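Chemist: Here are the chains, one letter per residue:
There are 2 protein chains.
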Amino acid sequence: MIEQIASIPLFKGLPKEQLHDLVNISVEQVFRRGDSIFCEGDEGKGFYVVVSGRVKIFKLSTEGKEQILHILGPGETFGEVAVFAGRHFPAFAETLEASKTFFFPRNSFIALIQKEPSLALNMLAILSSRLRQFAQLVESLSLKEVPGRLAAYLLYLSEQRQGSSDLELDISKGQLASVLGTIPETLSRILARMTAQKLIQVNASQIKIVNRQGLEDLAETGKL
Amino acid sequence: MIEQIASIPLFKGLPKEQLHDLVNISVEQVFRRGDSIFCEGDEGKGFYVVVSGRVKIFKLSTEGKEQILHILGPGETFGEVAVFAGRHFPAFAETLEASKTFFFPRNSFIALIQKEPSLALNMLAILSSRLRQFAQLVESLSLKEVPGRLAAYLLYLSEQRQGSSDLELDISKGQLASVLGTIPETLSRILARMTAQKLIQVNASQIKIVNRQGLEDLAETGKL
DNA sequence: CGTGGCCTTGATAAAGTTCAAGAGCCGTGG
DNA sequence: CCACGGCTCTTGAACTTTATCAAGGCCACG
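Heads up: the protein sequence lines correspond to chains L and W, in order.
Letter by letter, the first sequence follows residues 24 to 247 of the numbering used here.
Letter by letter, the second sequence follows residues 24 to 247 of the numbering used here.
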């Protein structure tokens, strides 16, 4: 367990002693696929780290449409906002698959921060990079149309995979639609169009980038 | 100057000694209306606090459409993301009116944080509440249509003003359109429709809420 | 009094959503 | 082993919302 904690980016560089403190205050939680972890508006008494599995953070409209804000994997944290500002969670959290998390209670964690400034700096880095992601998401949603967003997403995926052109979607197309701020029907049509234009090839959840330059232009200009 | 610094929320609760340190590392900057403070992609060697005036943070599409991410007034900070994650600014910053800022260089500030945990906690609170705002913005952009966003914005304004129904827009309608993720023409039409429906009355930058319940329904359901 | 900025209004076109129907896939159970 | 029900995904057609293009009004300021 101590190695698991030590491998979490948030806790990188902490002395052994503090890691032990963390182990002491952390609570392990196990979820099945599709379980709700918390709901928007719930009181947040602490935050979470994904140990295994995947978790989606999302907003819900009154009609039930969902907008995914993040998809988190092992080592990533969520729910910190409720720890440092306000007391309730600003969105929903649900597992995409069977998952394990560590939960860190608010007060104990804040006490720890006061002893260990580098923990605070790590947390600041994480929140900052999340703000950066959000800025990109907002830009994408309001400044680009769906084909541009999809192209940008595919290129991003490719980067994650060391530039490989053979991509495997690790989420369903319905979920992807929600990430892109649209609905499955629209995504389906645009994938079809991009295939017709020979930008990509699609085979179920396998997507191959055929014309990278074309995708880059599309992500830039938004015109398909 | 020391009183000015002491009155900034980020520095609330700091001992005098640290406030003096802050004065020593801060740089005062003066801008005229419409000046650019930094551009997306610029290297960020520190962050800013608005002393007087107002600053908008925004993204730009390739065609020139702008999406405002924040509008900041006295006491609010911006540019921190570049301090703690990455090194370049994720968006543009420009003054809306003649403004004064304090600039805090990255390294000196990080050094200070390590001495003063409550400074770190303040900063964490600020970043967290900004994340919360972003989550709301994303929700708004992807889940609601423009009338719903506008209704939500007006109600938010009303809240800011202790629930008053007589609102004074402190930004131009063109800027408001950009905040709402749309264009001036669309905003104009929707204001006209909402007036026709007797939800509001508009007189230049004066907006009066006539039917609060109706606005709330609209913000909730998005149907005008 | 004219000029430029900001706002409004109208006509048109594009993009996306909704509704409806059908195809493919998979696990379960007969 | 096959049939069934339940998913997810795809496709089509109508409709809605919003952007775009173009023109005109209002007001402040020189």
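Any given hint could turn out to be false.
Identical chains blur together in the list; that is why a pair holds if it fits in one copy or across any two.
What the hints assert, rightly or not - As a list, the in silico DSSO-like pairs of lysine-lysine whose alpha-carbon atoms are at most 27 Å apart: (1) K246 <-> K88; (2) K88 <-> K39; (3) K39 <-> K138; (4) K246 <-> K123; (5) K123 <-> K196; (6) K68 <-> K35; (7) K196 <-> K35.
Note that these hints are calculated values from the structure, not bench results.
None of these values were measured; they are calculated from a predicted model.
Chemist: For each hint, tell me whether it holds in the structure or not.
Modeler: Status of the hints after comparison with the structure:
For the homomeric pair K246 and K88, the shortest alpha-carbon distances inside one copy (26 Å) and between copies (15 Å) are both at most 27 Å. In this assembly of identical chains, the alpha carbons of K88 and K39 never lie at most 27 Å apart, being 45 Å within a copy and 51 Å across copies at closest. Taking the shortest Cα distances, K39 and K138 sit within 27 Å of each other both inside one copy (14 Å) and across copies (21 Å). In this assembly of identical chains, the alpha carbons of K246 and K123 never lie at most 27 Å apart, being 42 Å within a copy and 40 Å across copies at closest.
Proximity of K123 and K196 under a CA criterion of 27 Å is satisfied intra-copy only: 24 Å inside one chain copy versus 48 Å between copies. For the homomeric pair K68 and K35, the shortest alpha-carbon distances inside one copy (23 Å) and between copies (24 Å) are both at most 27 Å. Within a single copy, K196 and K35 get their C-alpha atoms no closer than 34 Å, and across copies no closer than 47 Å, so neither meets the 27 Å cut-off.
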